[in-house]
Amino acid sequence: MITIDMRRMLRWGMTAGGVMTFTAAVGMLEAFEDRLLIYPVLSLGYLLLLWFVPVAGYQSSNVAVLEGMEAPPRGLHNVIAGAVTGLVGGVVLALFAIVINAFDLRDVFVPFSLKLVGLLTYGLGVPEGLPYAVLAPAALGLVGGLMHLLPASVRRRVILAVEWVVVVALLEQVFSQILRQIRLEVVADRVFTLKALEWWAALAVAALVAAVAERTRGGFGRMRERLFAGDPRQRTRNSAWMAVLVLVFLIIIPQLLGSLLSEVLANVGLFLLMGLGLNIVVGLAGMLDLGYVAFFAVGAYTVGVLTSPLSPRFTLEWSWWAALPVAILTSALAGLLVGTPVIRMRGDYLAIVTLGFGEIVRILFLSDWLSTTFGGAQGVQNIPGIPLGFTEVSGVGPEGVLYFALFFVLLAAWISWSLQESRIGRAWTALREDETVAAAMGINIVRAKLNAFIVGAILAGFAGALFAAKLGSVFPSSFELLVSIIILVVVIVGGMGNIPGVAVGAVVLIGVLGGPNLPGLLAEFAEFKLLIYGALLVFMMLRKPEGLVPSVRRSRELHADELTQDAWLDKSGTLAEAPGGGRGAG
Amino acid sequence: MVMLDIHNLHKSFGGVEALAGVNLHIAQGEIVSVIGPNGAGKTSFFNVVTGFYPPDSGEILFEGESIVGLESSRITEAGIARTFQNVRLFLNMTVLENVMVAQHCRTRAGAFHAILRTPFLRREEAEIRARAEEILSFFGTRLVGYRFDQPALSLSYANRRRLEIARAMASEPKLLLLDEPVAGMNPRETAELTGLIRKLRDERGFTVVIIEHDMRVVRDVSDRVIVLDHGVKIAEGSYDEVSSDEAVIEAYLGRPAEVG
Amino acid sequence: MRRVGLVSLCLFLVAVGCGEDQMQAGPDDPPSATSAVDPVENGGAAPEGSEFVPGPLGAVEVAPGEEIQIRSVNSITGDVASLGTPNQRGVELALDDYGPVAGRAVSMGTPLDDLCSPDGGQAAAQTVVADPAVVGVIGTTCSAAAVAAAPLISNAGMVMIAPSNTSPALTSDLAGTQGSAYQPGYYRTSHNDLFQGRAVALFVRNHLGFERAAAIHDGDPYTQGLTEAFRAAFEELGGEITTFTAVNKGDTDMIAVLTEVAAGGPQALFFPIFMPEGGFIVQQVGGVAGLEDATLIVSAALLVDNFMELSESEGVYISGPDLRFGSNRNSITGRTAEGLLAEYVASYGEEPSGGYWGHAYDATVMLLSAIDRVAVEVEGTLYIDRMALRNEMDRSSLDGIIGPISCDEYGDCGSQRITVLYNTDPRNIEIGKNNVVFDFAP
Amino acid sequence: MTSAAATRLPRRRRPGWVDSFLLAVRIAAIVLLIWGIAGTVVKGINGEGPTGEAWRDLVVAGIAQGAMYGLIALGYSMVYGVLGFINFAHGEVFMSGGMVGFFVANYLWDIRFWDTNFVLSILLVLASSILASTLVAVIVERVAYRPLRDAPRLIPLITSIGISFFLQYTFAGLFGVAVKNYPPPPDYLRARIGFLDLEIEGTKLAVIVVAVVTMVALYLFVEKTRTGRSIRAVAEDKEIAALMGINVDRTIVATFAVGGAMAGVAGTLWALLFRGVSFITGFLPGIKAFTAAVLGGIGNLGGAMAGGVLLGLFEGVGPQLVLAGFGIPGVSQLKDVVAFTALVLVLIFKPSGLFGERLAAEDRA
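Protein chains in written order, with the working numbering: chain A, 1 to 586; chain B, 587 to 846; chain C, 847 to 1288; chain D, 1289 to 1653.
Worth flagging that the hints you see were computed from the coordinates, not collected in a lab. Glycine residues also receive a C-beta, built at the ideal position from the N, C-alpha and C atoms. A few of these clues could be false.
Simulated restraints, written as ranges between beta carbons of each label pair [stated by the list, open to error]: (1) Thr1023(C) <-> Phe103(A): 55 to 63 Å; (2) Tyr1395(D) <-> Glu163(A): 32 to 40 Å; (3) Asn1281(C) <-> Asp189(A): 51 to 59 Å; (4) Tyr1268(C) <-> Tyr1395(D): 29 to 37 Å; (5) Thr1515(D) <-> Leu114(A): 43 to 51 Å.
Chain A extracted, bound-state conformation (with noise of 0.2 Å):
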């Protein structure tokens, strides 16, 4: 007899109902109820409230399949499970609307309005629509419950097709600039009304997806496999095809997109340049650098003051051309500064130097006792742009700015990807995986160790000229802690080690979710965009450390003990040191 595990359903019917009432209570119901994702039913705060109730309906029955054991029946008992699950989640959701209602604890937990009361009851108010605010997710347990009924592959393309009908809804902006761009705004304007998707549109995209998806069965997975094939060589032949593709992908790219996409995808340049920097900086040499925003400041700034007729000190109004030489300079001397005391320093030491560094870098520029250089609080202003030719290129054009990112962009990576593949590079590993055996192989540590800052320094410096001519301006308040955190991220998140990770973590972190003082695609998310930004980063973490697009050597590190089932030492032995390493980044 199947037996239904009460627990487990008890267990994520309160998840979802804890998780619908803490989107309720911060306030992102309320902020989004009225920006309609799908014309006129689904609105963005209610997607946000009920999106969880499935999922939770369909877990709560879904038991792990281990290898070599048979998948238990599915059946009725799963339908049943999902909606309990649901009806859970819906009674902790309708008590928490009933204690808004009975009890005024507006000035201490300001979202909790009337209104609110209101959303939760669909508008019936508290008693008449409490058995609504109960049904709603239950009905919405049973489709999770239902999902298992489906045979896997019908299930993940249905997965599928909702998952980008919510991504083009929600990208409306982008997807009615492209189709524009490209002189189709009268399908535009029908597709899509008061920035909603029509509902037959949504269904379209659904049909359309589950089509593509169906062709290319596995399509995906089976490139995936030959990209990443065995033997070096025929892997490099694979990446240099892949990075022709890109190229050409790239070239066509700002013609295809218009400004808003140009502008987004320059920022993402910009930070997948300082990505590809820290990369060589944490990712190889495994030194965990917490203040990299330095040495952007410093090629930002060195540029700002030769080129701006503004500049307080130097008036020499060199053209940009003049100023990236000296900037790459400046930051190359900047990462030697810093390095040099940095590298005898373990871990978590350097982490906490590198991030006292570029607090003193910032606030040495926002001082007002070296204004009469840097222009203090105001910064340098009037930067021009990038004279090329008869037309000058600056953040008003952003497309031209998004070809210089993409060439310096495409030249980081050349430097990485040579650098790591040649002697260096393997002096990196080594430093990384043991530091003083690698010191006794007769690799000196300190110039290795240096080697890294700098390289990582001059692709700083690269952004930072780039920056200022984009910008226009030049303000302290652009290089905050806050920058090198997020850029760890992106190295981190997307995959230490590896330059398609990064590139990948650059895309999704700061092109869809937006950088520390960028809107990104997401941008109506604003003042719960960190929220979702920290959610995001701590599930990364628990699902996938190894990143978006991980290293064989990351993966391999991070599950070392899996693939040994032949290692002889026992997994307290040399196993233990190989994840941790030289003590380095880790």
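Guided by the hints, dock chains B, C and D onto chain A, whose structure is given.
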């Protein structure tokens, strides 16, 4: 010609005096075994010679020059390479990369060469790879072919020991310090490695110093044996002289009861 | 099912193909906004026989049933959210009060965040400019963001009205020379720092009769600009600035900076910074030898309840735009200041945490009324000519919640009246808010 | 027996160019320090700089602020000792204590209980703040850090960054973005109290006393109690501690709870000293507290408190004492520059912190 000359070497960790005035010399082309009970200071001796810890006092002359106070990477560059008591390989690097990385101090291609992919770099990389493959072939068929690109952590224990020796050879040293090379190996593998150590000296011209507990290996392979106890050299000479020396037996087996 | 996928794919490719030749990247001419009529008549785009001829900056075309698009760009995250969020709400309230323009609803779109930084401002401006249907922008909150956003918005022919930018660089030095960051199409309802700097200098030098003063800012372009303006004006009036120093945002222990200031023995201390640093200074200044009887002067950044309720804030002078809205009435929407404040608290559940919500409200009303006057209905389609809108904005003058609004040639539209309030009783801050002890008008 | 004459004392390490660079930095630091202080003394003599009494207030304020950092740093050091990673979210744990304490204090103020019997209400605020911080710390450990216990140390670090953002903007969403001010402490606490021959403001004295008491209590807890011993054992080596029958999970939860409680106490002291609290109040003190923990020698509890007080002094007294001597304008703005430069110099002189780190074997430098 004396390759390694140690005068009055002292090293203590906190209260414990690991090396209490060691004096010894190693001649060029010799195979010398260093034996002694546990805690006699053998591994500390290796660590001090290879620059892991600077000595408290005393002199270490390698080919006539003092290497006291040098970074361990500079000592390796000078020509001393070592293996470790509990195998410390770069486990997540491939077998070939482990040996290639050890040639770091023998090669010169800097960042610019790497970035510009100059012909000098390509030639040097090819040389490094060739030399690594040649050294790995020294151990017969175990570490060649498909093994090149396998991560070091997938190797069996004996193969790891061999890889570590290959890695030490790759930095083109003049003096090889092997720390218990056959520990944990079965008799067949021990015999094979003993033969290889002799080949290291005869074919490759290395001077070899071994720390070892397996007396059969010491007897078969070493030209000369040095016995350390409580941080001091208590005996030196051929295996037969040393094994019959009164002080050595006492160090290992303790003083006979009746003399007490 | 498979054919559907194929058909839609090649449809997509065909569209891309014919779209290719139309592209021109060049940043100088306004983006070829299809829904905005191109300045140069190109073939069949303009409807035949209509007598509407768009001006040099093009016009926005609003089809029947469509909404007129404006945008709000304010700091709604980070530590300046307390200033930016009330601005955005001011815009929302103005939209509700004003209602439709020329028969069409007005939409604010998704509220954008200028993140109080140049790169945030530029990114937000890019988002605005990407949608050619946008007529104008209410924003930005921080001057640093405006410096980066103004070129893009002005270049796109749009209009930008800032509720709380006060940096002189964005408009002019009030003596006819254009500010370094001025862009045509930029207006603001907030005052110009130079006025406030001069007003506070006059108040300290003449009204209070002090010769020695000190100033503290917090490294923000706004506060540093204001203290700089105060220093220049005070020295011009023959006063002496004993110490000109700064704290960092996030500092808590103020004894160090106050000791540095006390060493100069000032009679007055001007620190136009935000909460919580402003609160920390007021709470800790009593404990510093040499500053017991120094007169404290702050700016409108601290004209917020959670500062004025501090017991130590008794006797502090608050300089800033004349926020004595009192019975001011917006001549177009008829809404009084108290009514707006009550509406604000009712719909958002908290007192406004910043002082410029009135300015945002008036800026929005000013924009909407200008659009109303400029919009032309031709065969059901509403045309809003961008150049005409700018000229209308230059000429527009109305009585707003914040007082009379009329723009000078460089976009300073706010009533440049600066008042100094004296916070008498922290327990009843309404008295303090209306207790004007000094008045300054250019 | 050793013939000293024969062997010259070998230098510890033949200096490479990095060592000579660091030597130059050491010398330059000392020279600049002396020059700055001399400049200030000269200015002091001809009456320009702050008076003697002002110096004393600076020192006291520095110590009080430092005690705050120290209390938060205790939590950092304990968590770092046991789990070995930088817990960025600890600043937010401190903030949550401060915020919850505010609502309790505000309620007490509204019912006029606050100024009638202040002592009882401050104890209530303290209890609520400790409860909130401990609860948040334990929940964060259970949800985010426990599954990552064996992952390389960088992974939980990124998680703690995520938790830090999540907590910040949850509190912003729930309680609004405006700065919330605690009701003022009674006058007798704000007046200056004669203590030895010094005159110290009551609140500052209270902060220092409570910090010392808490430090001693923690020391007794860690050194004398059973749980304390198991915390030290787990900090030394998790696997061996488990073999000795210590429930590692419960011990780590206890560590987080105690760290949270320390942060809760710090939250209430913050209320006494500074009174203004908001959703971002926790971020910067969190960073400063970790700097203090590293300054004192990470993992070493006495070191954390001492590091905190020293950092407070560097920030409070440093700019006026050193930078003013060079005639630099607006020295207070460079407060953090002085603090972090001091940290770098200390770590150059003494790489494992002032009082030496007490860490698990494999973490040792």
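Problem - Structure versus earlier hints, numbers of those that do not hold, lowest first - result: As far as the earlier hints go, only 2 is violated by this structure.
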